[in-house]
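*Asks:* Chain by chain, the residues:
Protein chains: 2
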Amino acid sequence: MTLGANRIRHTVVLTPRHAAGSPEEADFLAAAAKLAEIPGVEAFEILRETSPKNGYRFGISMEFAGPETYAAYNDHPDHTRFVQDRWLVEVEDFLEIDYESRSC
Amino acid sequence: MTLGANRIRHTVVLTPRHAAGSPEEADFLAAAAKLAEIPGVEAFEILRETSPKNGYRFGISMEFAGPETYAAYNDHPDHTRFVQDRWLVEVEDFLEIDYESRSC
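Listed in order, the protein sequences are those of chains A and B.
Heads up: the first sequence at position 34 corresponds to 34 in the working numbering, and the numbers run straight through without jumps.
Heads up: the second sequence at position 67 corresponds to 67 in the working numbering, and the numbers run straight through without jumps.
No lab work stands behind these hints, which were simulated from the structure alone.
Hints are supplied without guarantee of correctness; some may be wrong.
[What the hints assert, rightly or not] When the alpha-carbon atoms are kept at most 30 Å apart in a straight line, the in silico DSS-like pairs for lysine-lysine are as follows:
1) A:Lys53 with B:Lys53
2) A:Lys34 with B:Lys34
3) B:Lys53 with A:Lys34
Same shape as in the complex, but just chain A:
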């Protein structure tokens, strides 16, 4: 599972504003899961964040074949609409972390 040359693993850890385990939280995560349908998104995962060393509660991870695909995702209307309508309203705290191979 080593990340190939030029590939980008885009991740974000987050804490929703919703109460843990609430229907509102589940609805938010279900909406986030639809980001997997945007062209170019690979290896999409929504995970629990469980380290006692930070306060984030979930993580989203996805991979792109390269920077052009990542840029197209960022600009895709389904992504920008999700950010505007859901993320900015329902996420209390987050941090984006992107990985690339050391060999490229």
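Knowing the structure of chain A, use the given hints to seat chain B on it.
*Replies:* Chain B in isolation, oriented as in the chain A frame:
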């Protein structure tokens, strides 16, 4: 590549104190790479961190079959020695993030 039940993906993003691209940095990363040899460590990767939205420069990612394997890694003398002798001395800033499946 979805994370299986009970599995843990342990990640850390970091910025070494060393100058970017310096021999000292390469030596530190080479020492970190040897953590892959500790029993129970799977899917080990050292990656560049490239998001403009945070200041970390590298990431390390590994997976464990479950919490017992993760605990054994944490307590392994090769790990505790690396933390004491290298990490605490040579790392300027870091954040640990651990992921688990949402279904377990």
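*Asks:* Are the hints correct? Go through all of them and say.
*Replies:* The hints, checked one at a time:
As the CA atoms of Lys53 (chain A) and Lys53 (chain B) are separated by approximately 20 Å, the hinted pair is consistent with the 30 Å bound. Between Lys34 (chain A) and Lys34 (chain B) the CA atoms are separated by roughly 38 Å; this puts the pair beyond 30 Å, and the hint is violated. At roughly 24 Å between alpha-carbon atoms, Lys53 (chain B) and Lys34 (chain A) fall within 30 Å of each other, so this suggested pair holds.
Comparing the model with each numbered hint stated earlier shows that hint 2 is the single one that does not hold.
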